[in-house]
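Chemist: Could you build the full structure based on these sequences and the hints that come with them?
Chains as they are written, first to last, in this note's numbering: chain A, 1 to 218; chain B, 219 to 434.
For the record, the hints were derived by calculation from the structure and aren't laboratory data.
Just so we're clear, the structure is a prediction, and the values are computed from it rather than from any experiment.
One thing to keep in mind: the hints can contain errors.
Within a straight-line C-alpha distance of at most 35 Å, the following computed DSBU-like cross-link-like pairs (lysine-lysine) qualify [to be verified]:
1. B:K341 x A:K85
2. B:K341 x A:K71
3. B:K385 x A:K85
For the chain A half of the interface with chain B, some residues (derived, Cβ under 10 Å), not all of them [as the list claims (entries may be wrong)]:
4. F25
5. S75
6. G78
7. G84
8. M87
9. T101
10. T120
11. V122
12. G123
13. Y156
14. K160
15. A170
16. V214
Just so you know, even glycine gets a beta-carbon here, dropped at the ideal spot from N, CA and C.
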Amino acid sequence: MNKITSMEEISSILTDGMTIMAGGFMGVGTPQELVTAMLESGVKDITLIANDTAFTGTGVGPLIVNRRVKKVIASHIGTNPETGKQMIAGELDVELVPQGTLAERVRAGGSGLGGVLTPTGVGTVVEEGKEKITVDGREYLLEKPLRAEVALLKAYKADKAGNLIYHRSARNFNPLMALAADTVIVQVEKIVEIGEIDPDEVMTPGILVDKIFVQGGC
Amino acid sequence: MINTLINPKQIIAARVAKELKDGDVVNLGIGLPTMVPNFLPADVNVILQSENGYIGLGPLDGDIDPDLVNAGGQPAGIIRGGAFFDSLFSFELIRGGHVDVTVLGGLEVDVHGNLANWMVPGKMVPGMGGAMDLVTGAKKVIVAMEHMAKSGSSKILQQCRLPLTGKGVVDMIVTELAVFRVTEEGLIIEELQEGVDLETVKEKTEAVFKINPSIK
Numbered sequence: 001m002n003k004i005t006s007m008e009e010i011s012s013i014l015t016d017g018m019t020i021m022a023g024g025f026m027g028v029g030t031p032q033e034l035v036t037a038m039l040e041s042g043v044k045d046i047t048l049i050a051n052d053t054a055f056t057g058t059g060v061g062p063l064i065v066n067r068r069v070k071k072v073i074a075s076h077i078g079t080n081p082e083t084g085k086q087m088i089a090g091e092l093d094v095e096l097v098p099q100g101t102l103a104e105r106v107r108a109g110g111s112g113l114g115g116v117l118t119p120t121g122v123g124t125v126v127e128e129g130k131e132k133i134t135v136d137g138r139e140y141l142l143e144k145p146l147r148a149e150v151a152l153l154k155a156y157k158a159d160k161a162g163n164l165i166y167h168r169s170a171r172n173f174n175p176l177m178a179l180a181a182d183t184v185i186v187q188v189e190k191i192v193e194i195g196e197i198d199p200d201e202v203m204t205p206g207i208l209v210d211k212i213f214v215q216g217g218c
Numbered sequence: 219m220i221n222t223l224i225n226p227k228q229i230i231a232a233r234v235a236k237e238l239k240d241g242d243v244v245n246l247g248i249g250l251p252t253m254v255p256n257f258l259p260a261d262v263n264v265i266l267q268s269e270n271g272y273i274g275l276g277p278l279d280g281d282i283d284p285d286l287v288n289a290g291g292q293p294a295g296i297i298r299g300g301a302f303f304d305s306l307f308s309f310e311l312i313r314g315g316h317v318d319v320t321v322l323g324g325l326e327v328d329v330h331g332n333l334a335n336w337m338v339p340g341k342m343v344p345g346m347g348g349a350m351d352l353v354t355g356a357k358k359v360i361v362a363m364e365h366m367a368k369s370g371s372s373k374i375l376q377q378c379r380l381p382l383t384g385k386g387v388v389d390m391i392v393t394e395l396a397v398f399r400v401t402e403e404g405l406i407i408e409e410l411q412e413g414v415d416l417e418t419v420k421e422k423t424e425a426v427f428k429i430n431p432s433i434k
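Modeler: In structure tokens form, the structure reads like this:
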């Protein structure tokens, strides 16, 4: 199976109203060329799940600036003033989730769990509307799973089977999201033949990866 | 060393540094807390955890690597012996009690150990990022902040008014005037910073606090 993909094929996968997850922390580990593909495809009204909305010009930030997003689920929006502006104007629905809870909700979505119990957010606005469960005398919030139709990931290196290696702090949410979407598209800096990555060094196994976009678009 | 401390932030950071022990795993919030390592004695080495996915956060060493940033998104380094991981593991460390100390800034703290530092309704809603997990999971939570807001109002209150980051989570408050501990019996002032008298602290603190007998 050939997993190497093109901008055109990615555009054909994206449709209006989709839920999309994107890896990255303030743009580091975000597949910038896949974000560009989204912009060029014209896709809109998306629900975006990402750690943050990065900056106006990098990460997933341009999706907000270009008003392609109707709802964002993130832990932090402060570095992209456009997110706050659209939220206050009532044009963008923002669900703020503590970062550790966001990671766990994505994990739950990707690993067949009905949710997770976390003490984070108990006694704060985060608990509003959520079920509280007491375990051994301590209160926890039931936080529900998150899944997406498409995950857009960034890795440093892939082999043609889609086995991935991430680089430095660009790993962040990428490995979690690889489990939590129907279609997983990864942008890589480098592509190698099957067998060239030692199985001990694989960080995300290729069975989770549907499409590989080689940076620079070969 | 005290004589060389020229501004309130340095006074605060220097005092927080005394709370850290050799080998502690520490997570520092953005801003003032990042100054703390500058005041550690040579024989105290702490391991800094960066919420975006590694332990061994260090100063930028050599060329900027676009894939290596701190939790503020700024170019950073990693020390020898450090390790990278994903966001899930990062917050397993944080929530699971594997971080010994977290040092964060605060907008308001109260006598119950409640902390508000993530939003001001109608004005500033950046999101909580990792702060709620940090205050919930770290073994010791130190709030390092200037004693009063820019408006001159007290930031140490009987009851927080802003939306909370965590309920009953704060262990210690360090300001340029004093050091407080949050206990089951309420807030206790443990120390006065050099050259500060108790009356000044009382005047500038809305919260009612007990006084450690060592002061006076």
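Chemist: Each hint: holds or not?
Modeler: Hints versus structure:
| no. | hint | in the structure |
| --- | --- | --- |
| 1 | B:K341 x A:K85 | 11 Å, holds |
| 2 | B:K341 x A:K71 | 21 Å, holds |
| 3 | B:K385 x A:K85 | 29 Å, holds |
| 4 | F25 | 4 Å, holds |
| 5 | S75 | 5 Å, holds |
| 6 | G78 | 3 Å, holds |
| 7 | G84 | 6 Å, holds |
| 8 | M87 | 7 Å, holds |
| 9 | T101 | 7 Å, holds |
| 10 | T120 | 5 Å, holds |
| 11 | V122 | 7 Å, holds |
| 12 | G123 | 3 Å, holds |
| 13 | Y156 | 8 Å, holds |
| 14 | K160 | 23 Å, violated |
| 15 | A170 | 4 Å, holds |
| 16 | V214 | 17 Å, violated |
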